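We have chain Z; now place chain B onto it with these hints.
There are 2 protein chains.
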Amino acid sequence: MSLESFFNPESIAVVGASRQKGKVGYEILVNMIEAGYEGTIYPVNPKADTIEGLKCYPDLKSIGNIPDLVVIIIPAKFVAAMMQQCAKVGVKSVIIITAGFKEVGKEGRELEKQVVNIARQAGIKVIGPNCLGVIAPANKLNASFGGDLPAEGVIGYLSQSGALLAAILDMANAGSIGFSKLVSIGNKADVDELDVIKAFGEDRDTKVIAGYLESITDGNAFVNQAERISHYKPILLMKSGGTQAGAQAASSHTGSLAGSETAYECVFERAGIIRCDSIKEQFDYAQAFADQPLPAGPSVAVITNAGGPGIMAADAIERVGLSFAKLADETIQTLASRLPAAANFNNPVDVLGDALADRYEFALDVVLGDPNVDIVLVLLTPQAMTEPVATAKALVKLGGGKRNKPILACFLGAEKVRDGVKVLRQGKIPQYDAPESAVATIKAMADYVRWHTRPKRVVKLFPVNRRKVENIIERHFRQNVREIGETESKEILEAYGFVTPKGSVATTAGQAANIAQQLGFPVVLKIWSPDILHKSDVGGVQVGLNSEKEVKDAFDLMMYRIPKKLPDADILGVLVQEMCSGGKEVILGMNRDPHFGPLMMFGMGGIMVEVLKDVSFYLAPLTAEEAKQMLINTRTYHMLKGVRGQEGVDIEIIAEGLQRLSQLVTEFPQIQEMDINPYVVGPAGTTAIAVDARISVEQV
Amino acid sequence: MSLESFFNPESIAVVGASRQKGKVGYEILVNMIEAGYEGTIYPVNPKADTIEGLKCYPDLKSIGNIPDLVVIIIPAKFVAAMMQQCAKVGVKSVIIITAGFKEVGKEGRELEKQVVNIARQAGIKVIGPNCLGVIAPANKLNASFGGDLPAEGVIGYLSQSGALLAAILDMANAGSIGFSKLVSIGNKADVDELDVIKAFGEDRDTKVIAGYLESITDGNAFVNQAERISHYKPILLMKSGGTQAGAQAASSHTGSLAGSETAYECVFERAGIIRCDSIKEQFDYAQAFADQPLPAGPSVAVITNAGGPGIMAADAIERVGLSFAKLADETIQTLASRLPAAANFNNPVDVLGDALADRYEFALDVVLGDPNVDIVLVLLTPQAMTEPVATAKALVKLGGGKRNKPILACFLGAEKVRDGVKVLRQGKIPQYDAPESAVATIKAMADYVRWHTRPKRVVKLFPVNRRKVENIIERHFRQNVREIGETESKEILEAYGFVTPKGSVATTAGQAANIAQQLGFPVVLKIWSPDILHKSDVGGVQVGLNSEKEVKDAFDLMMYRIPKKLPDADILGVLVQEMCSGGKEVILGMNRDPHFGPLMMFGMGGIMVEVLKDVSFYLAPLTAEEAKQMLINTRTYHMLKGVRGQEGVDIEIIAEGLQRLSQLVTEFPQIQEMDINPYVVGPAGTTAIAVDARISVEQV
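So the sequences go chain by chain: Z and B. Quick note, my numbering runs 9 ahead of the 1-based positions in the first sequence. Quick note, my numbering runs 9 ahead of the 1-based positions in the second sequence.
In short, the hints are calculated from the structure, not lab data. Do not rely on the hints blindly, as some may be mistaken.
To be verified - For lysine-lysine, the following BS3-like pairs were computed, each having C-alpha atoms within a straight-line distance of at most 30 Å: (1) Z:LYS431 to B:LYS32; (2) Z:LYS452 to B:LYS289; (3) B:LYS437 to Z:LYS289; (4) B:LYS402 to Z:LYS32; (5) Z:LYS335 to B:LYS111; (6) B:LYS650 to Z:LYS402; (7) Z:LYS111 to B:LYS32; (8) B:LYS32 to Z:LYS650; (9) B:LYS115 to Z:LYS335; (10) B:LYS289 to Z:LYS544; (11) Z:LYS335 to B:LYS622; (12) B:LYS574 to Z:LYS650; (13) B:LYS335 to Z:LYS32; (14) Z:LYS622 to B:LYS650; (15) B:LYS335 to Z:LYS115; (16) Z:LYS30 to B:LYS431; (17) B:LYS289 to Z:LYS437; (18) B:LYS622 to Z:LYS289; (19) Z:LYS402 to B:LYS622; (20) Z:LYS622 to B:LYS622; (21) B:LYS637 to Z:LYS622; (22) B:LYS111 to Z:LYS431; (23) B:LYS402 to Z:LYS30; (24) B:LYS650 to Z:LYS574; (25) B:LYS32 to Z:LYS402; (26) Z:LYS622 to B:LYS402; (27) Z:LYS111 to Z:LYS86; (28) B:LYS431 to Z:LYS650; (29) Z:LYS289 to B:LYS30; (30) Z:LYS452 to B:LYS115; (31) B:LYS544 to Z:LYS650.
In this text the structure is predicted, and so the values were computed from the model without any measurement.
Only chain Z is shown next, with the shape it has when bound in the complex (with noise of 0.2 Å):
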């Protein structure tokens, strides 16, 4: 969806324009005035000849020609009718400003349906209801009440949030960050923030792509074109309120264990959609990627005129994970040539606080050259005989240089270095207020860099028995059950590729023994009925059974207690199954998120899931890479590869797993949760085994 005719429309109908001070028909007439756009406005007010010296229109009507963008800002009950108007003109494109629609209640949102089928059936575009407007510096368009027209800039921003916004704007203006365009989304009954993001991905003025969601309307189609954008531009999100996916009432682990942003975490990371905590985190992250390259990788060189900030630099690189970077030989000798004795020739580099701005720029440009550095962050505190000034401009010199590696600056202070900080700013240096800030900027960098060059997304797809698997649940919807039982949650999996215990049911306990014997021992006894789920809670599993008498003094055991316990349930006998030993339980999960699909879960079975909730999750369907970098993500998976002596177990086996579970919910939307637990795994070459597994399905 183009929005151009939002950004830069030849002429404007502001309905519901108003003459007097203070309301919102005003200061948007006034903004955009005062703005300088050069395009024609319309005030439409049947009630004014003119406002502000420009003719009012009693109607769109009127006017005599389309107007390629209108503004509405009368009441919520008359929008219906202005929007029917504007069909009948001929509009193409409108900001309902107008607040009263869905977030007020049920009779607001009936309004909003009216509105948006309106557009629909005329082809009109909206954005809002319920919003600030639109702005974009460079056509000097301001159609919002957000306050004055900001600089000229990068940044693309979009907000659920229009009060939000407001001090967005505000706090940009004081601090002359610069945008290309802003959107506030408001209601986005049309326009939603994926149209949005999808345009600021095709303009040209936009580098960055920076908002504030609270929801997405389409979770698929926004992972895919995110995915997409930020091959070529990052987008930085701020993202308030959990789903409330993870706070229903889950059956399997994978439900429980997958928290209400869960769900976001994986999109984002699927995305390569950095993550912003808070306003000032995104500002500072957004004005690095808008106006530094981007580093070849995560080795951190810092220059200092004092110890105490450098150490805290230092400190907080190796706290979030990136690599201080080791300077090369050539590197500290060149610098020992030329800087006083009692410098640090060492990462980091302190040029002393009687440094001037050229032993700066002498130490910047050596750092630079040096090939183990990636990015440089310089430090300076206000002392007797600093240049802040002087020294800024050198940074500015250096930045723009044909090294290409990211420069960021953080001068301590205010007053001192206000001066110092403006020449950084306009020569396009990021500046922070503290190392720590400066560092979590640089962590983002590097974080992208990571995504951005990880290897080609490839899926692999599996031969599998997909008929069998439609048959079963098509049965279980026929039959009007949810949950698939044993037996044929198993047949599921065969038919996916997993191996699963070899046994059979017996409804005596010579049947039992006679199965056993034939399975060989030891074996495991599970109690066989449709209407118990937890079989361990009322003894309904016994394990390791080394002999036929032990086989039948466990099933008599079962058929005598547990149906004192649940006298209502249907005992149809006893499972007797091989038992799985000498591997490692893991578990394999899904839990279907309603807004954004399958989400992959792995984790270690047994007390580790239970305990220490050491389970990843991943958005499916899963690469051959991702599926093990599910394990690698887990706490435990140095257990896997094998401690102390001890053998590790078949990782190749365990990702593989993860596919072919990826591979079966994506192509069976209706099964809705499902883990795999135990899935045994022995050493490398051996078979892995799916001993039990938990499906339930829902009709979509």
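For chain B alone, coordinates are given in the frame of chain Z:
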């Protein structure tokens, strides 16, 4: 140590005062005059008659009076001679601004020693050298070259980095943050961080102690005094650069698990010191501690005029582990009776975008009165009708009210809220630039209150056989052995009330079988040699031996195989020991920090400590509560308590073990590192067994 003569001197001699602009000797004199100092200033400079209109003296003696305070700015090589003059004249307090001492290497270190010796002999207190000076705004004293005199306030600040202090002063002046005193401690050759903290502790004008430290001179004294002072004044510290203790090659688990920051974390935790990660964070916290009462509990209510920031605050409150106050029914009804219907009457209370100051005032007054609310955070975004100044006035009015609950404000924006923020500052309502910063501050306050209200520390002393341990350790020193062997380690443990496994050493297979017979099966065999520390690595441990035959076989195999692997090891036989099974294995440990003494460690045994590093540390000596808290601080605590029907183990006996170990290592400073691993613990009421221990000692 009183520092009164530094903070409030009646006369000051400035040795090295200069007429030359830009020189430190000029800057300091001018700073002193411009601050409006009301005592007498004596510039000392043999080459000048007057400087800035003040009569100049050729030396200290010629002044005629004894100045209360001498500030020295002359080159390092002349400082010792000047100190001698000070001694002769009878000066008692000196600030040495001059650099070029310890920080520049060996020669400077010698110079510094000379200076300190002269001072100590003459009873002169020295601040510095290599420092910025001292500032006391209420006394109009600016004996520094840090910049303009800051506003008067209640924060006492000390800094080990002069450059950082200059930046902090500049930032504080820009933000109108006031101080009671500021001290740059420089090389802290005489007056150190603890002297200043103690002076601030006693200073009536100082309500909050804040500072930046890179090292601590006397660890034990620091912990004790800081803990004492924290009881009545909050101490907020930035600390950079970890202790090197963790980087030492460590032979014990505990040693290798203690990171470089572990000791400082333990110290801050024990002493109730609030750690700050950046200058901004420190300012954020300090303002609230300075100007607001402490909260009675951790329940936060939020009032906002926009949804977005309200959600952001709620997210942050949940993230940091504070509680989101549940408003009382009465509060909700009262709010509903006067706020517009579209407002939100639950927490976060949304007074809507068109809220004027009166609506904020009403809501704040009602919410403050709610017994479920401990702290109120007021958010404001500048919208069309918003009244930042009047709203700020309302906050100030209610802030001084009878409720005595802390109020924090977050007025978002810049220009549009500037005047409102000024009103807040003057009215002592702390203002934050983001909801997240305000929430982090509330968290710091709540943590301090929790520390403050913890039970009184009582360290239990167990009856032990101290003499026995003394003998063993002394014997080792005589033999020049630093690692205590298995038998004697167990004697030490038994002397401190631990139970160790039964067993004895066999020299033949037959003897081994006999011992096993007497102990009862199963047993463990361990190779017995002073030269083999890592028995398992050479096959020197065999567990779970169930018969005489198995014991004999294992014995002979060890005797055959191990000498082949380690031909030089002196093998004394094989230890036959009862096997402790059925319980859970934990590890109790100690690593002695060179500055702060014994750090106690607790962790789960085996793979948990190897792979997950699931351990907790605490400073010895431990109270019963602290020992128990160490268990709770591990992720695996739930596992100890019992999960999913598994019986838990005896928590109390583990805590007692930690206290006994704490007593041992406190009473024997010779013990450098020590692990009890595994310590096998069963259900409540059973005996816990210290199966193995590693103890290393050093003469002290």
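Hints versus structure:
no. : hint                 : result
1   : Z:LYS431 to B:LYS32  : holds (27 Å)
2   : Z:LYS452 to B:LYS289 : holds (19 Å)
3   : B:LYS437 to Z:LYS289 : holds (24 Å)
4   : B:LYS402 to Z:LYS32  : holds (25 Å)
5   : Z:LYS335 to B:LYS111 : holds (27 Å)
6   : B:LYS650 to Z:LYS402 : violated (63 Å)
7   : Z:LYS111 to B:LYS32  : violated (67 Å)
8   : B:LYS32 to Z:LYS650  : violated (64 Å)
9   : B:LYS115 to Z:LYS335 : holds (26 Å)
10  : B:LYS289 to Z:LYS544 : violated (55 Å)
11  : Z:LYS335 to B:LYS622 : holds (28 Å)
12  : B:LYS574 to Z:LYS650 : holds (27 Å)
13  : B:LYS335 to Z:LYS32  : violated (37 Å)
14  : Z:LYS622 to B:LYS650 : holds (16 Å)
15  : B:LYS335 to Z:LYS115 : holds (27 Å)
16  : Z:LYS30 to B:LYS431  : holds (26 Å)
17  : B:LYS289 to Z:LYS437 : holds (24 Å)
18  : B:LYS622 to Z:LYS289 : violated (34 Å)
19  : Z:LYS402 to B:LYS622 : violated (48 Å)
20  : Z:LYS622 to B:LYS622 : holds (15 Å)
21  : B:LYS637 to Z:LYS622 : holds (23 Å)
22  : B:LYS111 to Z:LYS431 : violated (37 Å)
23  : B:LYS402 to Z:LYS30  : holds (25 Å)
24  : B:LYS650 to Z:LYS574 : holds (27 Å)
25  : B:LYS32 to Z:LYS402  : holds (25 Å)
26  : Z:LYS622 to B:LYS402 : violated (48 Å)
27  : Z:LYS111 to Z:LYS86  : holds (13 Å)
28  : B:LYS431 to Z:LYS650 : violated (59 Å)
29  : Z:LYS289 to B:LYS30  : violated (39 Å)
30  : Z:LYS452 to B:LYS115 : violated (39 Å)
31  : B:LYS544 to Z:LYS650 : holds (24 Å)
Taken one by one, the earlier hints fail for this structure at numbers 6, 7, 8, 10, 13, 18, 19, 22, 26, 28, 29, 30, listed in ascending order.
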